[in-house]
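J.: Residue numbers (the working numbering), protein chains in the order written: chain X, 1 to 264; chain R, 1 to 242.
Treat the hints loosely; a few may be bogus.
What the hints assert, rightly or not - Heads up, incomplete: computed chain X residues facing chain R, CB under 7 Å, no partners named:
(1) Glu76
(2) Leu77
(3) Glu127
(4) Ala130
(5) Val133
(6) Met134
(7) Ser135
What the hints assert, rightly or not - Which stretches of chain R does chain X cover? Using the computed rule of at least three CB atoms under 8 Å from a CB of chain X, they are:
(8) 74-87
(9) 100-111
What the hints contain is simulated information worked out from the structure, not anything from laboratory work. Quick reminder that beta carbons are idealized off the backbone N, C-alpha and C, glycines included.
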Amino acid sequence: MNFVERAGAKYLTPMFMASGFGMSVAVGVLKRLTHVPRRWRSTLDQMHLSGVRSLHVVLFVIFFIGMILALQLGYELSRYGQQEAVGFAVTISMVREMAPVMTAVVLAASVASAMAAELGTMKVQEEITALEVMSVDVISYLVLPRVVALTLVAPMLTLLANIVGIVGGGIIAETQLNLDYDGYLTNALNALAEPGFLGLPKSIYAGILKATIFGFSVAVVGCSCGLQATRGASGVGNSTRAAVRNSIILIIVLNFFLGKLIYT
Amino acid sequence: MIKLENVYKAFGGQQVLDGLSFDVAEGESLVIMGPSGAGKSVILKHIIGLLQADDGLVDVIGNNMSTINSAKLQDLRRDMGYLFQHSALINWLSVYDNIALPLRETTDLSKSEINERVMEVLELVYMQDARQKFPSEISGGMQKRVGLARALCTRPKLLLYDEPEAGLDPEMSGEISRMIRRLKEELGVTSVTVTHSVNCALTIGDTLAVFEHGKLLLSGPPPEVLNSDHQRVREFLCAPID
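Isolated chain X (complex conformation) (with noise of 0.2 Å):
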């Protein structure tokens, strides 16, 4: 074998193989999707596990979001007597990119890490394939309800993030560049009058559906990296890394196509 042929198999077959395995899994979790009724109990406890213990950290970190933006934008706006577009363009950047996609960061640090180390555990223990061997569809079983779950939970927490987001930025409006807050929230607003579907404002709507994208796109890879799981505890690892790894990188490609299809 010559480095080219090493290479490929030392890096690309792996690579390739976990991309098909991770499609496979998509695909199962969409063929299955008439199991959700059977599964509402796990469903609902993933969404408590994944939506209401994610909470704080996601309205903590775009909190945090909200304020930076404000101020970087608002000193720059400053610059050029602009700085009552701040509320505007908070709004627009919070809604549009960040809510949804730092809170699939988030969700992916969080959740798609947990998935697979649970998943990973079971599978290095056998419990997987206690499960393959009781004839039990570990597809429906165990992917299903986080799945489903997490596509649910990510872009309801990116509604609360997108508020949360604005009303940070506007702390800072306030009390950083002596913007009246009413003001800021008027801004704000005229930003999101562009109609969009169901009478949800387009920037809202298109930062929901990425959402909803987004949180599919992580429970997949978290569930499927924990599938893939071998070796023991250090398998275990290399799949959660992996799990929050493949998770951001697909969060951020996946955002750039979404947005060139919503905006152009």
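Assemble chain R onto chain X, guided by the hints.
T.: Chain R only, in chain X's frame:
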């Protein structure tokens, strides 16, 4: 019930099963022994359909495991029970729910029928009082018994035991072996057991088969195999303790 004919299996460059052939008749209890890495657990995985042979025939209850489709394999697995080396119980489910899981997921039994079935197998393994406990709250021996109950709850025709005595003290190991023997006598189930314990083999087995390097060295009733003149079998089964 089970027929293996010239079965070959390799992982990477290593030949694990090398033209292996044996039969297990209905109601028979076959015990498989051999050194670590001899391919014993691999045989069980071929029988349950977790692995496929590179070449040769693996026939289980009239099904060719190399050509069986996934739906038929799922049906076939409902006729088989598998006791894992480390029990492989689901950690977040109670003992009761662990046993009820395959019934809830793969049968149309009502709640009361499932309850009846679970209590029946819990009684068989003397674990009625621990039904609300979680796997982390019970000992290794008790986990084995719960694993056994879970394997039995679907009323399988064939039971596969992967080192049922692994990780247990001699007393508990003896108790599990006697329990498996009693279940065989009461239920008449065909079984294949992989073990490293001669005592376990003598208690459970109708037939003892000794493997090495993926090949069958010798098989027969356990006392005959233990007293055979086959040098390698004697070396393995009667290895002196330093």
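J.: Please go over all the hints and tell whether each is borne out by the structure.
T.: Here's how the hints hold up against the structure:
1. Glu76: 51 Å, violated
2. Leu77: 52 Å, violated
3. Glu127: 5 Å, holds
4. Ala130: 4 Å, holds
5. Val133: With a closest approach of 5 Å, the Val133(X) hint holds.
6. Met134: With a minimum Cβ separation of about 4 Å from chain R (threshold 7 Å), the hint on Met134(X) holds.
7. Ser135: Because about 4 Å separates Ser135(X) from the closest Cβ in chain R, which is inside the 7 Å limit, the hint holds.
8. 74-87: Holds, because 9 residues of the region 74-87 of chain R bring their Cβ atoms closer than 8 Å to Cβ atoms of chain X.
9. 100-111: holds (count 4)
In this structure, the hints that do not hold are numbers 1, 2, in rising order.
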